[in-house]
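Participant: Sequence:
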Amino acid sequence: MPRGQDAPIRAGGQVDPYIQQSLIQGKQQANSRLIAAMQEAGATKRAEVASATQIKTTASQGRTQRDIAAGQQEGADNRAAQAERGRRADQEFTKFMEGERQSFETEQSSLVREQELADREDQKDYSEELQRKIDARADLSDLMARKETRAYR
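Each residue of the sequence shown is one higher than the one before, counting from 1 in full-length UniProt numbering.
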């Protein structure tokens with residue numbers, strides 16, 4: 001009996017059972033190949049979506065980490081700037097107080113010299129007036145020292 005392509009498809013009005021089985025197997029194989037191709041296409045699509053999602057997630061995490069790092073750096077910069085402003089304000093205050101102290105000491109020395117001169121020349125009233133000024137300046141000096149101490153607390 002001839003087989004394959006040489007075999008007659010119909011024998012006595014019916015499809016040859018071997019050919020019928022071959023056709024069914026061909027359809028099943030084609031169906032299986034179609035299902036496999038669809039599954040492979042679906043798996044590829046899922047892999048692409050997963051990859052894209054992972055890339056987006058990684059990029060998002062990277063942006064988040066950069067934002068956090070930028071925020072931390074900005075905070076550090078702000079703290080450094082605030083510290084620098086404080087240091088400069090302290091320097092200005094110290095410079096101002098030193099100038100005031102020098103001016104005060106110069107005036108105090110001048111008053112002391114005038115008082116000594118008045119004592120030598122027997123100008124008692126003027127000497128007493130100068131002593132009051134010296135005492136007032138000493139009180140002022142004490143007050144300034146207390147304020148300066150409070151300013152650094």
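Quick caveat, the hints were computed from the structure, so don't treat them as lab data.
Be careful, since some hints might not be right.
Calculated cross-link-like contacts (lysine to any residue; reagent style SDA-like; alpha-carbon spacing at most 25 Å) [said to hold, decoys possible]:
{"id": "1", "residue 1": "Lys56", "residue 2": "Ala37"}
{"id": "2", "residue 1": "Lys147", "residue 2": "Arg85"}
{"id": "3", "residue 1": "Lys45", "residue 2": "Ala30"}
{"id": "4", "residue 1": "Lys45", "residue 2": "Arg33"}
{"id": "5", "residue 1": "Lys133", "residue 2": "Gly99"}
{"id": "6", "residue 1": "Lys45", "residue 2": "Ile35"}
{"id": "7", "residue 1": "Lys95", "residue 2": "Met144"}
{"id": "8", "residue 1": "Lys147", "residue 2": "Glu128"}
{"id": "9", "residue 1": "Lys147", "residue 2": "Gln91"}
{"id": "10", "residue 1": "Lys95", "residue 2": "Glu105"}
{"id": "11", "residue 1": "Lys56", "residue 2": "Ala41"}
{"id": "12", "residue 1": "Lys45", "residue 2": "Asp67"}
{"id": "13", "residue 1": "Lys95", "residue 2": "Glu84"}
{"id": "14", "residue 1": "Lys45", "residue 2": "Lys56"}
{"id": "15", "residue 1": "Lys133", "residue 2": "Ala83"}
{"id": "16", "residue 1": "Lys56", "residue 2": "Asp67"}
{"id": "17", "residue 1": "Lys95", "residue 2": "Glu121"}
{"id": "18", "residue 1": "Lys27", "residue 2": "Ala37"}
{"id": "19", "residue 1": "Lys147", "residue 2": "Leu117"}
{"id": "20", "residue 1": "Lys45", "residue 2": "Leu34"}
{"id": "21", "residue 1": "Lys95", "residue 2": "Gln72"}
{"id": "22", "residue 1": "Lys27", "residue 2": "Asp16"}
{"id": "23", "residue 1": "Lys147", "residue 2": "Arg132"}
{"id": "24", "residue 1": "Lys133", "residue 2": "Glu148"}
{"id": "25", "residue 1": "Lys147", "residue 2": "Ala83"}
{"id": "26", "residue 1": "Lys56", "residue 2": "Arg46"}
{"id": "27", "residue 1": "Lys95", "residue 2": "Ala136"}
{"id": "28", "residue 1": "Lys95", "residue 2": "Leu143"}
{"id": "29", "residue 1": "Lys95", "residue 2": "Gln108"}
{"id": "30", "residue 1": "Lys95", "residue 2": "Ala83"}
{"id": "31", "residue 1": "Lys95", "residue 2": "Glu114"}
{"id": "32", "residue 1": "Lys133", "residue 2": "Glu121"}
{"id": "33", "residue 1": "Lys133", "residue 2": "Gln91"}
{"id": "34", "residue 1": "Lys27", "residue 2": "Pro17"}
{"id": "35", "residue 1": "Lys95", "residue 2": "Lys56"}
{"id": "36", "residue 1": "Lys95", "residue 2": "Ser141"}
{"id": "37", "residue 1": "Lys147", "residue 2": "Glu100"}
{"id": "38", "residue 1": "Lys56", "residue 2": "Thr44"}
Participant: Checking one constraint from the list: CA of Lys95 to CA of Ala136, max 25 Å. Satisfied?
Facilitator: holds (24 Å)
Participant: Straight-line Cα separation of Lys147 and Glu100 no greater than 25 Å?
Facilitator: Holds, because 13 Å separates the two Cα atoms, which is no more than 25 Å.
Participant: Would the pair Lys95 and Glu114 pass a check requiring their Cα atoms to be no farther apart than 25 Å?
Facilitator: Answer violated: Lys95 to Glu114 is near 29 Å, above 25 Å.
Participant: Check the hint pairing Lys147 with Arg85 against an upper bound of 25 Å on the C-alpha distance.
Facilitator: holds (21 Å)
Participant: Regarding the pair Lys95 and Leu143, is the alpha-carbon distance no greater than 25 Å?
Facilitator: holds (18 Å)
Participant: Given the hinted pair Lys95 and Glu84, is their alpha-carbon gap at most 25 Å?
Facilitator: holds (16 Å)
Participant: For the pair supplied as a hint, Lys147 and Glu128, is the alpha-carbon distance within the 25 Å limit?
Facilitator: Roughly 29 Å separates the two Cα atoms, so the pair is violated.
Participant: For Lys95 and Lys56, compute the direct alpha-carbon distance and say whether it is at most 25 Å.
Facilitator: Violated: Lys95 and Lys56 sit about 57 Å apart, past 25 Å.
Participant: Within a Cα-Cα threshold of 25 Å, do Lys56 and Ala41 meet the stated pairing?
Facilitator: At roughly 22 Å apart (the allowed maximum being 25 Å), Ala41 and Lys56 satisfy the hint.
Participant: Check the hint pairing Lys147 with Gln91 against an upper bound of 25 Å on the C-alpha distance.
Facilitator: holds (16 Å)
Participant: Is the straight-line distance between the alpha-carbon of Lys56 and that of Ala37 25 Å or less?
Facilitator: Not satisfied, since the Cα-Cα distance of roughly 28 Å exceeds 25 Å.
Participant: For a C-alpha distance cap of 25 Å, please report whether Lys133 and Ala83 respect it.
Facilitator: violated (41 Å)
Violated hints, in rising order: 1, 8, 12, 15, 17, 19, 21, 31, 33 and 35; the structure is consistent with all others.
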